[in-house]
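In the order they appear, the protein sequences are chains A and B.
Here the first sequence is numbered in the working numbering, starting from 1 and rising by one per residue.
Here the second sequence is numbered in the working numbering, starting from 1 and rising by one per residue.
It is worth saying that the hints were derived from the structure and are not from the lab.
All C-beta atoms, glycine included, are put in the ideal place defined by N, C-alpha and C.
One or more hints might be untrue.
Claimed, not checked - From the structure, some residues in chain A lie toward chain B, with a derived Cβ separation under 10 angstroms: (1) V3; (2) H4; (3) W10; (4) F21; (5) V36; (6) L116.
Claimed, not checked - To list a few chain B residues with every Cβ distance to chain A over 12 angstroms, as calculated: (7) S19; (8) G21; (9) S22; (10) E24.
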Amino acid sequence: MHVHRFEKLWIGLSLLLIAGFIGIVLFGFTVMDLKVPGIEEGRQVDPTTVLSDEEFSRPGVRKISDDHYEVYMIAQQFIFRPGSTQPLTLPANTRITFHMTAPDVMHGFEVPGSGLNATIIPGQIATFSTRFPEAKSYGIICHQYCGAAHHNMQGKINVVPPSEFDESNLISQ
Amino acid sequence: MSTPESAAPGKASGPEAPSEGSKEISLDEFEPYGTLAVTGSYFVLLLVLYALLYFVEFATHAPHIID
Ligand SMILES: [Cu+2]
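Given these sequences and hints, build the entire structure.
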């Protein structure tokens, strides 16, 4: 089959582009060691009873160590708990692990302008760890259509310097 | 894509009935530089925007997933 030289050119460039994309993804996950949000393996919750589950019955911030806090968060129609009615306050430059689930329908968790993004699925616990590099406030939005007031489902994260972080609001273990 | 022959209304179409003033050329004599320019600039645009993604995703001082 005879292929025109222009066709050969853009077939070649397209193949290079695809090879480039695959190469960049492999580079990202090996050399740059990028991470993606996950679910807690082997741990399922019952969405109908999760609100009385150990940790999720008292959502909030818990301390694991001086450099590690964890957040248990419920995403429900149409709030993040904590996050919506009260902002979620977290210390800067500290490892934060999020655990999130939903009792009703699928929700999204996104901090605009950052790499924090997860899908919250009833029955599963979405999890990831991060560090907020600076003390400022961030928004949270639900990016998964979850019902009539989905567009109002939003929250706020206030990141404060570690020295100003008030530990009296922590959930005791 | 329509060729001048097939686009001419009211005339017999097909390569066996070329309209007046047209001539057959071989595939290699056909040189669509305009198409090449459009495709090429699209390709360059795609590479430039993809490169800019690096700054959007990684060069900002924003939190990202570490684990
Ligand atoms: Cu939602």
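>> Using the nearest Cβ pair, does A:F21 come within less than 10 angstroms of chain B?
In response: holds, 8 angstroms
> Taking the minimum C-beta separation from B:E24 to chain A, is that value above 12 angstroms?
Replying inline: holds, 16 angstroms
>> Quick check on A:V3 please, does its C-beta sit within 10 angstroms of some C-beta on chain B?
In response: Hint on A:V3: holds, closest Cβ of chain B at ~9 angstroms, below 10 angstroms.
> Does the CB of A:H4 sit less than 10 angstroms away from some CB of chain B?
Replying inline: holds, 6 angstroms
> Given A:L116 as an interface hint, is the shortest Cβ-Cβ distance to chain B below 10 angstroms?
Replying inline: Since chain B brings a Cβ to about 6 angstroms from A:L116, closer than 10 angstroms, the hint holds.
> Are A:V36 and chain B close enough, Cβ to Cβ, to be under 10 angstroms, as the hint says?
Replying inline: Result: holds, 7 angstroms to nearest chain B Cβ.
>> Does the closest beta carbon of chain B sit nearer than 10 angstroms to the beta carbon of A:W10?
In response: Interface hint status for A:W10: holds (6 angstroms vs cutoff 10 angstroms).
> Is B:G21 truly not at the interface, in the sense that its beta carbon sits beyond 12 angstroms from all beta carbons of chain A?
Replying inline: Fine: 24 angstroms to the nearest Cβ keeps B:G21 off the interface.
> In terms of Cβ atoms, is chain A entirely out of 12 angstroms range of B:S19?
Replying inline: It holds; B:S19 is separated from chain A by about 24 angstroms at its closest Cβ, greater than 12 angstroms.
>> Confirm or reject: B:S22 is not an interface residue toward chain A, with every Cβ-Cβ distance exceeding 12 angstroms.
In response: Check passes; 20 angstroms lies beyond 12 angstroms.
Every hint from the earlier list agrees with this structure, and none is contradicted.
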